[in-house]
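*Asks:* The chain contents come next:
Protein chains: 2
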Amino acid sequence: MPTTTPTGGGRRRAAASVPDLVARARDGDPRSVARLISLVEDESPLLREVMAALAPHTGHAQIIGITGSPGVGKSTSTSALVTELRRHGRRVGVLAVDPSSPFSGGALLGDRVRMQDHALDRDVYIRSMASRGHLGGLSWTTPQALRVLDAAGCDVILIETVGVGQSEVEIAGLADTTVVLLAPGMGDGIQAAKAGILEIGDLYVVNKADRDGADQVRRDLRSMLALADRPEGAWRPPIVKTVAQRAEGLDEVVAKLEEHFDWLQSAGELEQRRTRRARDEIEAIAVTALRSRWGDVHGRSELDELAAAVATGKSDPYTAADELLEAFTE
Amino acid sequence: MPTTTPTGGGRRRAAASVPDLVARARDGDPRSVARLISLVEDESPLLREVMAALAPHTGHAQIIGITGSPGVGKSTSTSALVTELRRHGRRVGVLAVDPSSPFSGGALLGDRVRMQDHALDRDVYIRSMASRGHLGGLSWTTPQALRVLDAAGCDVILIETVGVGQSEVEIAGLADTTVVLLAPGMGDGIQAAKAGILEIGDLYVVNKADRDGADQVRRDLRSMLALADRPEGAWRPPIVKTVAQRAEGLDEVVAKLEEHFDWLQSAGELEQRRTRRARDEIEAIAVTALRSRWGDVHGRSELDELAAAVATGKSDPYTAADELLEAFTE
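For the record, the sequence lines run as chains E and A.
Counting with this note's numbering, you get residues 9 to 338 for the letters of the first sequence.
Counting with this note's numbering, you get residues 9 to 338 for the letters of the second sequence.
One chain only, chain E, in its complex shape (with noise of 0.2 angstroms):
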């Protein structure tokens, strides 16, 4: 077990454990991909050590992100593009986000259950992630995660979101490729969502397209998609139809994503999009560290005293801003 205490002997011990686990992760090992993925979750003090023995291994795989709202049918299409790619030959890694409300202590979606056709196969590996707070928002670790499967060497990895809110644009930031799905008569929803998808979306996908409705879905989003402002050799999103329940449609599902990824090479997107990625990644890394010192003084900590003088009149926050930078930045 690599649960050690990060002292002495065990930590060696432990230490000695991470280039093993990141062998056997890559030769396909379920059990190594699962240990590693939970290091991650659970913060060890080894994840260091795992996200350095990672790097040199990840950057190969396609991250696909799909989001929509409840109902068009996210866990449906998973599976069923899980088996279309693995019908391609691919190895194919999935992160499940699942908002469970932290009232009710269950979870808001529940059902895995067609993912579980995929469960024998050593070439799949699927795994549920908690979500940051109710709203679906994605764990910091999320990205952490995601070289886990990287390095483990997916060819795909998808994550799929609920969409509500802030996740599908987290979402989006994560992905090299999003898949906005939309499903017909899902009424209010969709169109209050809209704003926020046509920005999000390389690939759109109207699911439960034998029902009536799809149509118009269709022709809507084609004309809203219509009055961006694309550049000369931008990508221009397209639209496909799919009925996942029977698997119809998902091998233009694969072909569009497989010419997005050619279309982000061949445009250099690809790179600007993981540098940025990194950029924020780095970015939350290092801004946790900096909140956990300014909390982390024994007692009543400095951000404590400022808060209590800000809250109070005594002082104002960027006075109080700068008193905080100040004893921790020199």
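Any copy, or any two copies together, can satisfy a pair, since identical chains are not distinguished.
Calculated lysine to aspartate or glutamate pairs in the EDC-like style (CA-CA distance at most 16 angstroms, straight line): (1) 322 / 57; (2) 322 / 279; (3) 264 / 92; (4) 249 / 218; (5) 249 / 220; (6) 322 / 312; (7) 249 / 259.
Simulated from the structure, these hints should not be mistaken for laboratory data.
All values reported here derive from a predicted model rather than from experimental measurement.
Put chain A on the given structure of chain E with help from the hints.
*Replies:* Here is chain A on its own, set in the frame of chain E:
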């Protein structure tokens, strides 16, 4: 005009005017209030001076967040609430946060018409603020705008946002009291939102209570709220029915808002919430300042170099974050 370059005589002239502006704002001059908020929104070089001048005059107002899905009647309710608060002699500020999509360039919400009922009332100050991004997230200058209205002598400040995802949580972080609006016939929207709204409301208002289904909404809400595990002495969020368009039920809303404010004070919760808010504010300003230092080197920044190394697998994000912090905190 206080828009000057921060150099030489110009600065001195503008600097002299900040105390004047603050004094006039405190006398109830709406143009001075407007100018101060503009200085905040434009992140004027005078911002720090403005905040320092306002600080001693803050802490009086009850800040009330109003959130709810599109279609529940937020603008109408806000307007009717302003009228009722004026009947009680309260000085009222309203910040309406407009989620405008950078895609369409247009506002998602438009009808603020009813607000014009209050246009001639000097004791009502109404301001629209831009939101951050297309999902209606609050701008990081929103807390500063609240400070302006607070120092200007408002007894109550209403912040109205569209309730999509993140913004409703953000508003709960800013407000002393959070009002969640619901209405019958909103269908799936309410279902999807429920997990989130149950955690943030201090007061629930079922608007359009003359319509079919209002009692059902109240019953559902009541039984879901009853599941919450609230400690002895905790606030139990009441549910009030209104017909905002006919100004029905607003007296009870105002009564409950006052009751909640009294409870906040007697339970010591007000001080806690405000200290927590000040803490978040200070952190946000400090992190923003650090971020601009990181990105502020001419040409390619330190952070860009590190991000490129991580994106190409030459480094990992933790090592890069350590290097970033070392470069800027020593």
